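Student: Residue strings, one per chain:
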Amino acid sequence: MATELKMPALSPTMEEGTLAKWLVKAGDTVRSGDILAEIETDKATMEFEAVDEGTVGEILIAEGTDNVKVGTVIATIVSEGESAAPKAALAPAPSAVAQPAPVAAPQAAAPVLAPAATSDLSEETQRLTVREALRDAMAEEMRADPRVFVMGEEVAEYQGAYKVTQGLLDEFGAKRVIDTPITEYGFAGIGTGAAMGGLRPIVEFMTFNFAMQAIDHIINSAAKTNYMSGGQMRCPIVFRGPNGAASRVGAQHSQNYAPWYASVPGLVVIAPYDAADAKGLLKAAIRSQDPVVFLENELVYGRSFDVPLGEHIVPIGKARTMRPGKDVTIVSYSIGVGLALEAAEALAGEGIDAEVIDLRTLRPLDKGAVLESLSRTNRLVIVEEGWPSCSIASEIMAIAMEDGFDYLDAPVARVTNVDVPLPYANNLEKLALVTTASVIEAVRKVCYRA
Amino acid sequence: MLFIGVVPILPRIEEGFHLAKAATKKAPTEQLAKPAEPKRHAATREELLRLYREMLLIRRFEEKAGQLYGLGLIGGFCHLYIGQEAVAAGIQTALTDKDSVITGYRDHGHMLLCGIDPKLVMAELTGREAGISRGKGGSMHMFSVEHKFYGGHGIVGAQVPLGAGLAFAHKYNEDGGICVAYFGDGAANQGQVYEAFNMAALWKLPIIFVVENNRYAMGTAVDRSSAETHFWRRGEAFRIPGMVCNGMDVLEVRGAAQAAVDFVRAGNGPVVFEAQTYRYRGHSMSDPAKYRSREEVQQVREKSDPIEGLKHDLETAGITEEELKAIDKEIRSIVNEAADFAETSPEPDPSELYTDVLVERY
Ligand SMILES: Cc1ncc(C[n+]2csc(CCOP(=O)(O)OP(=O)(O)O)c2C)c(N)n1
Ligand SMILES: [Mg+2]
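As they're listed, the protein sequences go chains E and B. Everything in the first sequence is counted per the working numbering, starting at 1383 for the first residue and increasing by one. Everything in the second sequence is counted per the working numbering, starting at 26 for the first residue and increasing by one.
By construction, these hints were calculated from the structure, which means they are not laboratory data. Values in this document were obtained by computation on a predicted structure and should not be read as measured data. Be aware that a few hints might be false.
Simulated pairs of lysine-lysine, DSS-like, Cα-Cα distance not exceeding 25 Å [said to hold, decoys possible]:
1. K1451(E) - K51(B)
2. K1388(E) - K1425(E)
3. K1425(E) - K1403(E)
4. K1545(E) - K1557(E)
5. K1425(E) - K315(B)
6. K51(B) - K1557(E)
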């Protein structure tokens, strides 16, 4: 008796194909690995090889035959010295793949409403700019952990294109504060590889506009490592730099990438507003075992805020109540938080008591805090310095629909930039960007006070 | 002479603006350190047996993977290493356990030679819980931190800067290790490769950039894609010495690899190492195979097969047919066992869908 050779599948979805050509004939001796035939589908050709040694017995399907079903016996092989029992052929793949029972996502359960953290800084504080707070965070973590290093364009000798890395080269030397050539794709890859190799890189992009060249490593290399390795291989890296519109620098230099990165599972995305959060969250980001995209804002670098003295760490994934209120919730992040606070001040004068929530972390997003606030105010406005489509604002609106519908007393409103590339002309740029006035207007509208 | 167009201009610049002087802070290129002249490796009997064994393990493993694919047990893309065995075997045997390795999606062979259990690799190919990536990576995305094998990358060229990053970590940690980053002739045309070359040379990173020139990138022959097909020369502009070897002769690869490893480990910075090889099979399991003739493939198989090619050396060393048969048999049983394991072990639990997205909880 002989081994039956069956029509193979070129892919798990293939059901039939053409037996294009036989490369052996009855009576030929074949060895394992010899090509027996060519099988074709509309997409591809595959060589069909011998599994074991033997002699070709019978060719059952002639070459040139179309529509041969997968699994059809196409030939037989007589094994050497074995003529009795047929050799058990490898079991074919289960034809009807059992449909796995749907699993509940751990997050799929109704989110737990939990108030955002408060901005209460009861400890002793000092006045710091966001720029200084970021530098201090890096310096403190570099002192504490020799694996931490910073690399990027002009980060060392020039002291940082925006002076965020000022003084680091002096303190830590050229081994740990590294000027790279202008080569974003390359150094993002080197940083990611170094993280895979056990170091703790901080990769600075001069601005996130230039990280477009490096986005492949952020998304394809860094964000996927842990999952694709079944939890074996870590990639603890921080990609940081200014994000969003600066001032009159035109369309290629004025983009908010928060929604882009926040849509990618496997990344942590942080976008702080004030100096205390900038410091506390950057320290947490550096310590995290996950890859973090840390979005700063050039226009906020020079603003001063109170920052607690001493060790200050802010937990990732927790929103913050910047201003409590009872009439409406304004949710924002990064520079938008400043606009939201200004608007809230102005609205107080009109008798509207707005609560302002700073998301701080965009992935994982603190849904519970947004919903908890909404459950009390029943009105929601999202402020975002970025485009409206597929934005963080759209995401929050979806959350409100899915999990907060019953709380809503008015449709959710979003206040964003205009949906155009950012223009250069002073007047046009102003018209394109989100403003305090537009926030105020939106809040009045959801409060039916317009 | 390539320089003819440039040379007469240089003195003029020097006289006029002293630009050339300013640009020559670096040592003249002819003074750059170079790896020792490589020699075909004079292998001991044990080394010969090991090389034979390792190449055969890859060959049989890949044949089996091809069969399992045909049976629908392996899905998606599956790129076989058949024909190229001598490259990984010649290089991996020149490394120590301090060294790290990274490659693209054609990764099964490198993994086996990093000492990773064939069962875990095969079970990953069939997408099972017991797979090295617990079924969540597949053929192109496999890793073993334990064996310093850092993937298994599906984006053509990505492994080159990632490998430079691993080399950066070796240097930063002063652990004495080097990195070997394998990539294809097609990958060699990616811009990021040259960004990595530049920084690796600038920072003297301990890395061997191995171009596995198998003459095709999917259906594109090197002549149709590459202005310079001497890939070993591709580092010249960055002052990286280049080496080239017959990647179908495992002893030649082994000898060249030793010269490269010694040079890189001594702190001289990177080497670009071209291994001229050939893949017998389609690019992946579904390959229209219309871009080259069967005769071309057949000729390489008959005249240059790396495993058959080693038989002469094995014979000269007095290794008998019986010894080789015993190795064949042993490898067949290792591979069959791996295949049985990969077929019979269970798929991941559905709850695994949500695990390992992030390491920490926030
Ligand atoms: C960035 C990117 N572009 C395209 C592809 C699709 N692709 C996969 S392999 C391949 C050919 C690469 O050939 P080569 O580098 O010579 O390696 P080989 O397959 O010969 O080992 C292409 C185009 C990809 N995976 N990644
Ligand atoms: Mg190739």
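Student: Evaluate each hint against the coordinates.
Tutor: Each hint, compared with the structure:
| no. | hint | in the structure |
| --- | --- | --- |
| 1 | K1451(E) - K51(B) | violated (66 Å) |
| 2 | K1388(E) - K1425(E) | holds (20 Å) |
| 3 | K1425(E) - K1403(E) | holds (16 Å) |
| 4 | K1545(E) - K1557(E) | holds (19 Å) |
| 5 | K1425(E) - K315(B) | holds (12 Å) |
| 6 | K51(B) - K1557(E) | holds (21 Å) |
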